[in-house]
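Here the protein sequences come in this chain order: A and B.
Counted from 1, the first sequence has number 53 at position 53 by the numbering used here; the numbering is strictly sequential.
Counted from 1, the second sequence has number 388 at position 388 by the numbering used here; the numbering is strictly sequential.
What the hints contain is simulated information worked out from the structure, not anything from laboratory work.
Wrong hints could be hidden among the right ones.
Unchecked claim - Ranges of calculated distance between the beta carbons of each label pair, as one might list FRET restraints: (1) VAL109/B with VAL97/A: 54 to 64 Å; (2) GLY69/B with GLY46/A: 45 to 55 Å; (3) LEU254/A with GLY48/B: 29 to 39 Å.
Ideal Cβ placement from N, Cα and C applies to all residues, glycine included.
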Amino acid sequence: MIRTGSKFFIGLAALNAATLIAYLLFVERLALGGVALSIVFAAVCGLSTVVLIVRDGDDEAQPVDAALVGASMWPLVTVLGVVLLAVGLVTTSAVFVIGIVVVLAALAEWAVQAWSESASDDPAHNAATRKRIANPIEFPVLATLGVGVVIFSFSRIMLAVSKSTGAVLFIVFGTIVLVGGSLFALRPGLKRSIVAGLCTLATLGIVAGGVASAGIGLRADLAEAATEGHYTHRECGPERSKYFDKLEMRTLSLRSNVIATVELRDGKLTARAYGIQSPTQSITIPRSNPVNVIFRNFDADEYRLVASPGKAVPDATEKPEELCTQLIPEGAEQSLTLTYAKPSIDRGPYSLFVAGLSGQSIEVVVP
Amino acid sequence: MSTLASLRRTVTKLGALIAGVVVTASCAKNAPQDTWAPKGPNAQMIDGLQKPVFAVAGVVGLIVLVALGWVLWRYKDRGQPIPEQTHGNPVVEITLTLIPALILAVIGVFTVRVIFDLAKTDDTEMVINVTGQQWWWEYDYPVQNEFGITQPIVTSGQIVFPAGTKVLLRETSRDVIHSYWIPALNGKRDAVPGRIHTLRLEADEPGIYAGQCTEFCGLSHANMRMEAIALSKEDFAKWVANQQAPYVSPADGSLAKEGEAVFLNQCVRCHQVDGLQRPDGTLAIAAPDQNVWSGAAPNLTKLMTRNTFAGAIFDMLTPACRPGVWNASSSDFGGKYLAGVSEDCLNVNDLRAWLRNAPEVKPMYANPDQLAATNGKVRGMPNLGLSESDIDKLVAYLLTLK
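Build out the structure end to end from the sequences listed, making use of the hints.
Spelled out as C-alpha cells, the structure:
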C-alpha cells in the first residue's frame with residue numbers, strides 16, 4: 001500500500017516533471033533553469049524512492065487513528081513570500097529574489113512537516129522525525145543569516161558614526177563580547193534562558209542600531225567622497241591630490257603583460273619596449289587590447305606618469321578621461337593599464353608624459 | 001579449424017593492416033607541419049633534444065615490451081603448479097629505480113638547458129607583436145628603423161620576417177587562449193589574454209612554413225592557421241617598403257573604384273585599409289571595437305601581398321599558381337612571393353564564396369540570433385548580404401590592394 005507521505009512525494013515529483021517539461025518546451029533549452037529543475041526532479045525522485053522503500057519510515061503506522069495535525073506557520077510564510085514576489089515585480093529585483101528564496105524555503109519546510117506528520121499517529125515521534133531531518137539544515141542556515149544580519153547592522157553603525165566614535169564602539173563591542181563570553185564560560189550553571197535572553201537583547205540592540213544608522217546615512221566625509229568619486233576619479237596634475245595620492249603604492253608586484261617600462265632619470269623620460277634592447281621615445285601598443293606600462297621614478301621629486309587619452313570624438317558628450325599613476329617618490333614604481341580602441345591616426349596623438357615636466361614625452365603608436 | 005584459431009588469424013591480419021597503414025601514412029611527403037623537419041636554430045634545438053629522448057624512450061619501451069612478452073610466453077598457464085612466490089628483492093628494486101632515475105636526470109639536464117636557451121630574449125634582433133583572436137592571427141611590427149620600419153605595419157594570416165634574423169614574437173590574445181605553433185621554426189607558446197608571452201622565431205632559409213593554433217579556442221579552432229614567410233634580408237626590405245607605401249585609390253570610372261565605394265559602405269566598419277579616404281576627404285577609420293567581440297578585424301592594407309585569407313584557411317592563389325610559390329627554391333622564393341596575387345592567379349571562387357556568406361564557409365558565431373551573449377558583437381565575419389554585383393566590385397577593388 002502506498003502511504004500518504006509517499007503519495008505526497010510522488011505527486012511532488014510529477015509536478016516537478018511537468019514543470020521541467022514545460023520549461024524546456026516553452027522557455028529555453030539548455031538554460032540554467034532547466035539544469036536546476038532537472039536536479040530538483042532527480043532529488044525529489046530519489047526522495048520518493050526512499051520514502052516508498054521505507055514505507056514512510058514506519059511499518060506500524062496507524063493512519064486510521066492518526067491524530068489531527070498541529071498548527072503550521074509555513075502557509076503564512078509562503079504567502080509572505082508570494083507577496084514579496086509580487087512587490088519585487090514592481091519594485092526591485094532584490095525583493096523578488098528574496099521572495100523566491102522565502103517561497104522555496106517555506107515550501108520545503110511545509111513539505112517536510114506534512115511528510116513527518118503522516119509518519120505515525122504519535123505527534124511527539126513525528127515532531128522528533130521532523131527535527132532529525134530539518135534541523136541539520138535549519139540551524140546552519142539560520143545561524144548564517146543571523147550572523148549576517150548582525151555584521152551588516154554593525155557595519156551600518158560604523159559607517160554612520162565618526163571615525164573616532166567608530167573606534168571606541170569597536171573596542172567596547174569587542175570587550176563586551178570577550179567579557180560576556182568569558183563569564184558564560186566561567187559559569188556553566190547559568191540558566192540557558194538568561195544566556196539566550198542576553199544574546200537576544202544584544203542582537204536586537206545591534207540590529208536596532210543598524211536600522212537607525214541606515215536611516216541617518218553615511219557620515220559626512222564618506223558621503224562627500226562617494227558623491228565626488230574621490231577614490232575612483234584620478235587627478236592627474238603635478239600637485240598632490242588629497243584623495244587619489246593618499247597612501248600611494250611604491251612597489252609593484254605586477255610583472256605580466258608589460259609592453260614597456262618608462263623611466264624618469266635626470267629629468268629625461270625614456271622607454272624600454274619589451275624585447276627591444278635600446279631605449280626609445282616611441283612605443284607601439286596593439287589596438288583594443290589592454291597592456292601594462294611600468295613607470296619608474298629615479299629623480300628626487302615626486303612625479304606621476306600621465307597617459308593622454310587622445311582627441312575626443314567631435315560629437316561625443318563625454319571627454320575621454322586621462323589616466324595616470326599616483327605621485328610617486330624617488331625609487332618607486334607603479335603601473336598603468338592602457339587600452340586604446342582607436343588607432344593613433346584617428347584619436348591620436350597618444351603619448352605618455354610626466355605631469356609638470358615639460359618637453360619630455362613618449363609617443364604611443366596604436367596601429 | 002577451430003573458431004578461436006580463425007578469430008586469432010583475423011585479428012592478426014587486421015593488426016598488420018592497421019600497422020601498415022600507420023607506417024605508410026608517416027611517409028607522407030606533403031606534410032608541412034612535420035615536427036621532425038626543423039628549419040631554424042630554435043626548432044633544431046628542440047629536435048636535437050627530442051631525437052635522443054625518443055631513441056632512449058624507444059629502447060626502454062622495446063626492452064619492457066620484449067621482457068613482458070617473454071614473461072607472458074614463458075610463464076603462461078600450461079597447467080603447471082604455481083611456482084615458489086618471492087616477496088621483495090632490494091637489489092633488483094633499487095637497481096630498477098636508480099636506472100630510470102638516472103636516465104630521467106640526464107634527460108632533465110639537457111631539457112632544462114634547451115628550455116632556458118629557447119627563453120632567451122637578450123639577443124633579439126627584431127620584434128613582432130602577435131595577437132590571437134577567434135579565429136585569426138594579427139601581426140603588428142613596431143617601429144624599428146634598422147629594418148626600415150618607420151611606421152607600424154599591421155598584417156594578418158602570414159607573418160613575414162627576414163631569414164637568418166632572431167625574431168622575438170610578443171604574443172597575446174584579445175579573447176580566449178590560443179597557441180602559436182610553427183613546427184618547423186619552434187615549439188608552441190600560448191597566447192593568453194592579459195599576458196605577453198615571448199617566442200623566438202628564426203628561419204635558416206627563405207620559404208613558407210605552415211602552422212596551426214594548438215589550443216582549442218572555439219568553433220573554428222581547426223580553421224585558425226598561420227604561415228610564416230621568411231624572406232632574404234633584401235627581399236624583406238622590399239616587403240617593408242611596399243607595406244609602408246602610400247595608398248593608391250583605383251582609377252575613376254573603374255570597377256575597382258566602385259568596389260572602393262562598396263568597401264567604404266560595408267567593410268570599413270571593421271576592416272582598416274590604411275590611407276583609404278571617404279568621399280569628403282577624411283580618413284576612413286575602421287571601428288571593429290564597436291562590431292567585433294574581440295575588438296579587431298584583419299587590416300586589409302596590401303591584402304594581395306598575402307597568399308591566404310580568412311585565418312589562412314583559404315589560399316589567395318589558385319591551385320595552379322600556388323605550387324609555383326610554395327615549391328620555389330629558396331633563391332627564387334622571395335621574388336615569387338613579393339609578386340603578390342595577380343588577377344590570373346586569384347582564387348576568385350573561394351574569395352567570392354567568403355564575401356557572399358562567410359559563416360557558411362568558416363563556422364563562426366556571426367548570426368544575428370547568436371549574438372545575445374556578446375552584446376550584439378560578432379565573432380568572425382558575418383553574412384553581409386552583398387549582391388553579386390557588389391561582390392564583383394569588391395573583388396576588383398581588393399585586387400588593387402597590393
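Quick rundown of the hints versus the structure:
1. VAL109/B with VAL97/A: 54 to 64 Å: holds (59 Å)
2. GLY69/B with GLY46/A: 45 to 55 Å: Because 50 Å falls inside the window, the suggested range holds.
3. LEU254/A with GLY48/B: 29 to 39 Å: holds (36 Å)
Every hint, counting from the list given before, is met by this structure.
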